[in-house]
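Assemble chains B, F and G onto chain X, guided by the hints.
Residue numbers (our numbering), protein chains in the order written: chain X, 1 to 649; chain B, 1 to 234; chain F, 1 to 84; chain G, 1 to 84.
Accuracy of the hints is not assured; some may be wrong.
[Stated by the list, open to error] Derived lysine-lysine pairs resembling DSS-like cross-links, with alpha carbons at most 27 Å apart:
1. Lys35/F to Lys9/G
2. Lys321/X to Lys35/B
3. Lys35/F to Lys329/X
4. Lys13/G to Lys46/F
5. Lys43/F to Lys46/G
6. Lys188/B to Lys13/G
7. Lys43/F to Lys9/G
8. Lys46/G to Lys65/B
9. Lys136/X to Lys13/F
10. Lys43/F to Lys136/X
11. Lys26/B to Lys442/X
12. Lys46/F to Lys46/G
13. Lys28/B to Lys329/X
14. Lys35/G to Lys43/F
15. Lys65/B to Lys35/F
16. Lys46/G to Lys35/F
17. Lys43/G to Lys46/F
18. Lys46/G to Lys13/F
19. Lys35/F to Lys43/G
20. Lys65/B to Lys9/G
21. Lys43/G to Lys43/F
22. Lys13/F to Lys43/G
23. Lys329/X to Lys65/B
24. Lys13/F to Lys9/G
25. Lys329/X to Lys75/B
26. Lys442/X to Lys28/B
27. Lys13/G to Lys65/B
28. Lys13/G to Lys43/F
29. Lys65/B to Lys43/F
30. Lys35/F to Lys35/B
31. Lys43/G to Lys65/B
[As the list claims (entries may be wrong)] Residues from chain B that face chain G, not an exhaustive set, calculated with beta carbons under 7 Å:
32. Ala61
33. Lys65
34. Arg104
35. Asp106
36. Leu108
Quick caveat, the hints were computed from the structure, so don't treat them as lab data. Remember, it's a predicted structure, so these values are computed and weren't measured experimentally. Even glycine gets a Cβ: it sits at the ideal position worked out from N, Cα and C.
So you can see what is in the structure, the chains are spelled out below.
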Amino acid sequence: MTGMRKIARALGLSPPDYDAILKRLGREPTETEAGMFGAMWSEHCSYRSSKRFLKRFPSEGAHVLQGPGENAGAVSIGDGQAVVFKMESHNHPSMIDPYQGAATGIGGIMRDIFTMGARPVALLNALRFGAADHPKTPHLLSGVVAGIGDYGNCVGIPTIGGEVDFDAAYNGNILVNAMCVGLADEKALFRAILREGHKVYAIGARTGRDGLHGAVMASASFQNAEDAERAAVQIGDPFMQKLLMEASLELMARGAVAAAQDMGAAGLTSSAVEMAAKGGCGIRLNLDRLPCREDGMTAYEIMLSESQERMLLAAPPEKEKTIAEICDKWDIPCAQIGEARKGDRIEITRHGECEANLPLSALTRAPEREWPREPRRAPPPKHAPSSKKRPSLDETLIRMLATPALSSRRWVYEQYDSSVMGDTVEASGGDAAVIRVHQTRKALAMVSEATPAYLAADPYLGAKQAVAEAWRNLNAVGAKPLAITDCLNFGSPEEPAIMEQFAQSVEGLAEAAAYLDMPVVSGNVSFYNETDGRAIPPTPSVGAVGLIPDYGRRARAAFMREGDAILLIGEEGGHLGCSVFADLFAESLPAEAPPIDLEKEKRHGLFLRALIEEGRIVSAHDLSRGGLAIALAEMAINGGIGAEIRAPE
Amino acid sequence: MKSAIVVFPGSNCDRDIAVALRHCVKSKPSMVWHKESVLPSVDIVVLSGGFSYGDYLRAGALAAKSPIMEEVVRKAKDGVAVLGICNGFQILTETGLLPGALMRNDNLAFICRNVRLVVEQARRPFASAYRKGEIISMPIAHKRGQYHADPETLARLEGEGQILFRYAEDDNSSGSGMNGFTMNGSVKNIAGILNEKGNVLGLMPHPERCFDEEIGGEQGADGAKLFISLTQSL
Amino acid sequence: TDRLQFAVKITLKEGVRDPQGRAIQELLARMGYDKIADVRQGKHIKISFHDADPESAREAVNAMCRDFLANPVIEDYRVSIDDA
Amino acid sequence: TDRLQFAVKITLKEGVRDPQGRAIQELLARMGYDKIADVRQGKHIKISFHDADPESAREAVNAMCRDFLANPVIEDYRVSIDDA
Numbered sequence: 001m002t003g004m005r006k007i008a009r010a011l012g013l014s015p016p017d018y019d020a021i022l023k024r025l026g027r028e029p030t031e032t033e034a035g036m037f038g039a040m041w042s043e044h045c046s047y048r049s050s051k052r053f054l055k056r057f058p059s060e061g062a063h064v065l066q067g068p069g070e071n072a073g074a075v076s077i078g079d080g081q082a083v084v085f086k087m088e089s090h091n092h093p094s095m096i097d098p099y100q101g102a103a104t105g106i107g108g109i110m111r112d113i114f115t116m117g118a119r120p121v122a123l124l125n126a127l128r129f130g131a132a133d134h135p136k137t138p139h140l141l142s143g144v145v146a147g148i149g150d151y152g153n154c155v156g157i158p159t160i161g162g163e164v165d166f167d168a169a170y171n172g173n174i175l176v177n178a179m180c181v182g183l184a185d186e187k188a189l190f191r192a193i194l195r196e197g198h199k200v201y202a203i204g205a206r207t208g209r210d211g212l213h214g215a216v217m218a219s220a221s222f223q224n225a226e227d228a229e230r231a232a233v234q235i236g237d238p239f240m241q242k243l244l245m246e247a248s249l250e251l252m253a254r255g256a257v258a259a260a261q262d263m264g265a266a267g268l269t270s271s272a273v274e275m276a277a278k279g280g281c282g283i284r285l286n287l288d289r290l291p292c293r294e295d296g297m298t299a300y301e302i303m304l305s306e307s308q309e310r311m312l313l314a315a316p317p318e319k320e321k322t323i324a325e326i327c328d329k330w331d332i333p334c335a336q337i338g339e340a341r342k343g344d345r346i347e348i349t350r351h352g353e354c355e356a357n358l359p360l361s362a363l364t365r366a367p368e369r370e371w372p373r374e375p376r377r378a379p380p381p382k383h384a385p386s387s388k389k390r391p392s393l394d395e396t397l398i399r400m401l402a403t404p405a406l407s408s409r410r411w412v413y414e415q416y417d418s419s420v421m422g423d424t425v426e427a428s429g430g431d432a433a434v435i436r437v438h439q440t441r442k443a444l445a446m447v448s449e450a451t452p453a454y455l456a457a458d459p460y461l462g463a464k465q466a467v468a469e470a471w472r473n474l475n476a477v478g479a480k481p482l483a484i485t486d487c488l489n490f491g492s493p494e495e496p497a498i499m500e501q502f503a504q505s506v507e508g509l510a511e512a513a514a515y516l517d518m519p520v521v522s523g524n525v526s527f528y529n530e531t532d533g534r535a536i537p538p539t540p541s542v543g544a545v546g547l548i549p550d551y552g553r554r555a556r557a558a559f560m561r562e563g564d565a566i567l568l569i570g571e572e573g574g575h576l577g578c579s580v581f582a583d584l585f586a587e588s589l590p591a592e593a594p595p596i597d598l599e600k601e602k603r604h605g606l607f608l609r610a611l612i613e614e615g616r617i618v619s620a621h622d623l624s625r626g627g628l629a630i631a632l633a634e635m636a637i638n639g640g641i642g643a644e645i646r647a648p649e
Numbered sequence: 001m002k003s004a005i006v007v008f009p010g011s012n013c014d015r016d017i018a019v020a021l022r023h024c025v026k027s028k029p030s031m032v033w034h035k036e037s038v039l040p041s042v043d044i045v046v047l048s049g050g051f052s053y054g055d056y057l058r059a060g061a062l063a064a065k066s067p068i069m070e071e072v073v074r075k076a077k078d079g080v081a082v083l084g085i086c087n088g089f090q091i092l093t094e095t096g097l098l099p100g101a102l103m104r105n106d107n108l109a110f111i112c113r114n115v116r117l118v119v120e121q122a123r124r125p126f127a128s129a130y131r132k133g134e135i136i137s138m139p140i141a142h143k144r145g146q147y148h149a150d151p152e153t154l155a156r157l158e159g160e161g162q163i164l165f166r167y168a169e170d171d172n173s174s175g176s177g178m179n180g181f182t183m184n185g186s187v188k189n190i191a192g193i194l195n196e197k198g199n200v201l202g203l204m205p206h207p208e209r210c211f212d213e214e215i216g217g218e219q220g221a222d223g224a225k226l227f228i229s230l231t232q233s234l
Numbered sequence: 001t002d003r004l005q006f007a008v009k010i011t012l013k014e015g016v017r018d019p020q021g022r023a024i025q026e027l028l029a030r031m032g033y034d035k036i037a038d039v040r041q042g043k044h045i046k047i048s049f050h051d052a053d054p055e056s057a058r059e060a061v062n063a064m065c066r067d068f069l070a071n072p073v074i075e076d077y078r079v080s081i082d083d084a
Numbered sequence: 001t002d003r004l005q006f007a008v009k010i011t012l013k014e015g016v017r018d019p020q021g022r023a024i025q026e027l028l029a030r031m032g033y034d035k036i037a038d039v040r041q042g043k044h045i046k047i048s049f050h051d052a053d054p055e056s057a058r059e060a061v062n063a064m065c066r067d068f069l070a071n072p073v074i075e076d077y078r079v080s081i082d083d084a
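Next up, chain X with everything else stripped away, as it sits in the complex:
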């Protein structure tokens, strides 16, 4: 095997990949070029194993301004304003260093929002840890929560919602999904499109050897956590992030910038390649002009470094002085490192040598991988027969409220600043987080939902439930659901059973999203969430945003007035499969996911929201984990008012 083929192998390029490269280039790639292919063709950047399924998602809609393909999705909320949002995973780095892994996940998702010209106004996170009593869980939990808190709080964006869950299925692989929501003027949305004649600038932190192989690593499953490469860890600087955010928004407001792209996974490579490819022009970079933190960095290291808090900008030449002036005000490094060219090639020089000269299409069009799918023949899973005798209703309620799945998350969310920016109406603890659109009567409602317990039994049905729960929770606060973002967390696509799970989950998610008019406007796929061959259950996280016309007319998941009647919308139910109750107390019950009727979901949601908008009800709560008993208990606890429930004869 030639030296370069071996290097390419280490970068995640299979022999067929390497042959495809040789064919497209007609020669061996340089080391830098091989590194760029390894990053751009990684699962994380190319979606080559999932792209053909993601086309199934509905992404059009009357008020959709920007669907998948840009840094984030954008949806109009009227009066010339747009809500911009996205969700992304940082699972693998958080296993190695929970604090920095989670912190840099928050930093990355925030940059995806302000590169679109939107000011971030809210953060949410969906966290999944191993069993609560697993020896690693306390260290991972406290590290991840402190990392998220320290980063978000320092930048000054309220963290107001999300989920925390504990399940032994995540013992070897925790999930850290971060969501950010921003507000922009509809007419001032920025796209990462390079124009001919424009200069290219790198602003923000200096480049170091952080996170080398970060992009590739995210697609490499661990043999075990320790042997992941040490250099792969990225260190976050929330102070630099605040400066970078303010400088970027000021640059955009003063018209000094035409396009912007976050340097995220695969750093300078993916940002430069994608910006140029979308603009249909070439790009030339001189790496000697890039401010570096470490000396003697090679072109390979610079092109693949994932140092945090860096942005790539494009602007007409006459804007150079303004860019330098604004970056100087905010004390952040800024350097013109290249320019757009005719044609469709990326050329990279370092110390006068040409280190890379590639057609952009060779990098952006990774050969799709059609992994075989194998329908699941495993017998339907059963709940383990529980030795615990089924106690009285009171005893059951108390025991369920105390389980890790249902107990209070205050210890977590009180480490997040949820009141900065002064527009928080409802923070963590309700059905959906609600923030006022600054100086208006409108409010945005937002949720993050996932139902892995149901997906483990039936990926198609479980994925539909995740979307339905987002729909129910937004309606329950009085918000009209607008659109969805997602984080599709799965094991290795090279396993036929996993690929089948993925296909069915996407199917269920797409169907529910279409039926409930919640187009998918952005998202992320995270494969290879497995350790020592054991994969996590299929876990698509669904992030959704809704609009409340007047936040004076909203509902809380709490009893508000003594003497109010309590009404249940929908049948009594009674399905126990895959329930928290079944896990605790059931004899061996078939673990079947609860059925779902989208037509009823839609009608119930519209009916409930109408009651709230007419001011006829002020409290509402959706039934999810733990069912009716837990929903009633939560409303009583949140409202500080008890309730008397008479079971039907």
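The following block gives chains B, F and G in isolation, referenced to the frame of chain X:
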């Protein structure tokens, strides 16, 4: 009443304070960047909350060295009112305008929730709109809010009536806070103090996050009276 | 007191980014301190034992560092007798 | 490199509460490390100069500590040549 808000790199509550001042006292503050060395002639200077310089080295330590701070110290000595909120309070102790220091919370974690405070005195210019002993609610959001001072300083603060706000008892008893969450551990439950002349106030809770009844969140609107007190004497 | 005291110095590994050190260095430059090549911030932990024998105490301190005091991914540590 | 390196050790003054040190001590006890009388956490700042003469560099470091590196209300500092 003319007001100015000092903005440091990393401040993140400056806009919130400007909104509160415009809403409560109809005063449009001038926003002064930390690199300036002169302040406009104003009745009050506000040092904003947030994470100036990322709280690196110590909260407020680096911001205290900004050019504008010499001017703020001069104005304070001339009797101009100076209000430091959260990070602003930390900066005031780092410059010596206020005694003591703000250290890492006792439970080591960031704490964000609404707490109950006791207004020790209804004193001008910061608290004349409250009643002495009134119990109010205000949100806190900090990781380094544990007030510390040596015994002599504490005795002086108590004796001279320089303690303006305290965390209400059931909120701050160590270990058994409102519902089982330890508070930040401040000595004598101190939440906000004045200098000898009474024209400089530093407090950890955020009045600018609870002045607006309309929003109707749990935080309430008890912060409004602090801003209204300013109009009564400035 | 005949207390046995150890000093643990925890520093960031070579090349690992140090945002705090950078912020301090930039301020020092603005305040006119010149000729400064680099500033790195780390932790100093003083651990004092009562009536423990020096050898097993030193071994215990090293074990603590390996276990959790230092983050092996990004930090190095050195144990020495504390010259308080 | 012939860089001149100073180590600044910043420790909390006697009587000043140290929640971080206390948390470490409690964790050590839970992990079975006994005979530990006290744990105090402080800062270690390494400042390296290029082509500065030792005397004026040491004086500069002391000035920095007095200026802002240490907070006299709660901290003491010691400057020494860094034995990296």
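For each hint, the structure was consulted:
1. For the given pair, Lys35/F sits about 21 Å from Lys9/G by alpha-carbon distance, which is consistent with the 27 Å threshold.
2. Of the supplied pair hints, the one linking Lys321/X and Lys35/B holds, its CA atoms being roughly 20 Å apart against a limit of 27 Å.
3. Simply put, Lys35/F and Lys329/X have alpha-carbon atoms about 24 Å apart, close enough for the 27 Å limit, and the pair holds.
4. Restraint check for Lys13/G and Lys46/F: the C-alpha separation of about 13 Å stays at or below 27 Å, so the hint holds.
5. Distance check on the hinted pair: Lys43/F and Lys46/G sit about 11 Å apart at the alpha-carbon level, within 27 Å; holds.
6. With a C-alpha separation of about 20 Å, the suggested pair Lys188/B and Lys13/G falls inside the 27 Å cut-off, and the hint holds.
7. For the proposed pair Lys43/F and Lys9/G, the alpha carbon gap of about 9 Å is at most 27 Å, so the pair holds.
8. Proximity of Lys46/G to Lys65/B is assessed by CA-CA distance (about 20 Å); at most 27 Å being required, the pair is judged to hold.
9. Under the criterion of a C-alpha separation no larger than 27 Å, the hint pairing Lys136/X with Lys13/F is consistent with the structure, at around 24 Å.
10. Distance check on the hinted pair: Lys43/F and Lys136/X sit about 24 Å apart at the alpha-carbon level, within 27 Å; holds.
11. Between Lys26/B and Lys442/X the CA atoms are separated by roughly 23 Å; this keeps the pair inside 27 Å, and the hint holds.
12. Distance check on the hinted pair: Lys46/F and Lys46/G sit about 18 Å apart at the alpha-carbon level, within 27 Å; holds.
13. For a cut-off of 27 Å, the pair hint linking Lys28/B to Lys329/X stands: about 24 Å separates their Cα positions.
14. Among the hinted pairs, Lys35/G with Lys43/F is consistent with the structure: their alpha-carbon atoms are about 23 Å apart, no more than 27 Å.
15. Distance restraint check for Lys65/B and Lys35/F: the Cα-Cα separation of roughly 20 Å lies within the 27 Å cut-off, and the hinted pair is therefore satisfied.
16. Pair hint Lys46/G plus Lys35/F holds up; C-alpha atoms about 14 Å apart against a cutoff of 27 Å.
17. Proposed proximity of Lys43/G and Lys46/F is supported: the alpha carbons are some 11 Å apart, at most 27 Å.
18. The suggested pairing of Lys46/G with Lys13/F holds, with an alpha-carbon distance near 13 Å, which does not exceed 27 Å.
19. For a cut-off of 27 Å, the pair hint linking Lys35/F to Lys43/G stands: about 23 Å separates their Cα positions.
20. Taken as a hint, the Lys65/B and Lys9/G pair is honoured in the structure, with Cα atoms around 21 Å apart against an allowance of 27 Å.
21. Restraint check for Lys43/G and Lys43/F: satisfied, since their Cα atoms lie roughly 5 Å apart, inside the 27 Å limit.
22. This hinted pair checks out: Lys13/F and Lys43/G have alpha carbons roughly 16 Å apart, not beyond 27 Å.
23. Of the supplied pair hints, the one linking Lys329/X and Lys65/B holds, its CA atoms being roughly 17 Å apart against a limit of 27 Å.
24. A threshold of 27 Å between alpha carbons decides the hint, and for Lys13/F with Lys9/G the separation of about 18 Å falls inside it, so the pair holds.
25. Distance hint between Lys329/X and Lys75/B is fulfilled; the C-alpha atoms sit about 25 Å from each other, no more than 27 Å.
26. Simply put, Lys442/X and Lys28/B have alpha-carbon atoms about 24 Å apart, close enough for the 27 Å limit, and the pair holds.
27. With a C-alpha separation of about 23 Å, the suggested pairing of Lys13/G with Lys65/B holds against the 27 Å cut-off.
28. Using a Cα cut-off of 27 Å, the hinted pair Lys13/G and Lys43/F holds, with the two alpha carbons roughly 16 Å apart.
29. Between the alpha carbons of Lys65/B and Lys43/F the distance comes to roughly 23 Å, so the proposed pair stays at or under 27 Å and holds.
30. Our distance criterion of 27 Å between C-alpha atoms is met by Lys35/F and Lys35/B, whose separation comes to about 23 Å.
31. Annotation: proposed proximity of Lys43/G to Lys65/B holds, straight-line Cα distance about 20 Å (limit 27 Å).
32. Interface hint status for Ala61/B: upheld, as the beta-carbon distance to the closest one in chain G is roughly 6 Å, under 7 Å.
33. For Lys65/B, the interface hint holds, the least distance from its beta-carbon to any beta-carbon of chain G being 6 Å, beneath 7 Å.
34. The interface hint given for Arg104/B holds, since its Cβ lies 5 Å from the closest Cβ of chain G, which is under the 7 Å cut-off.
35. Taking 7 Å as the C-beta contact cut-off toward chain G, the hint placing Asp106/B at the interface holds, the least distance being around 5 Å.
36. Hint status for Leu108/B relative to chain G: holds, with the closest Cβ pair at about 6 Å, below 7 Å.
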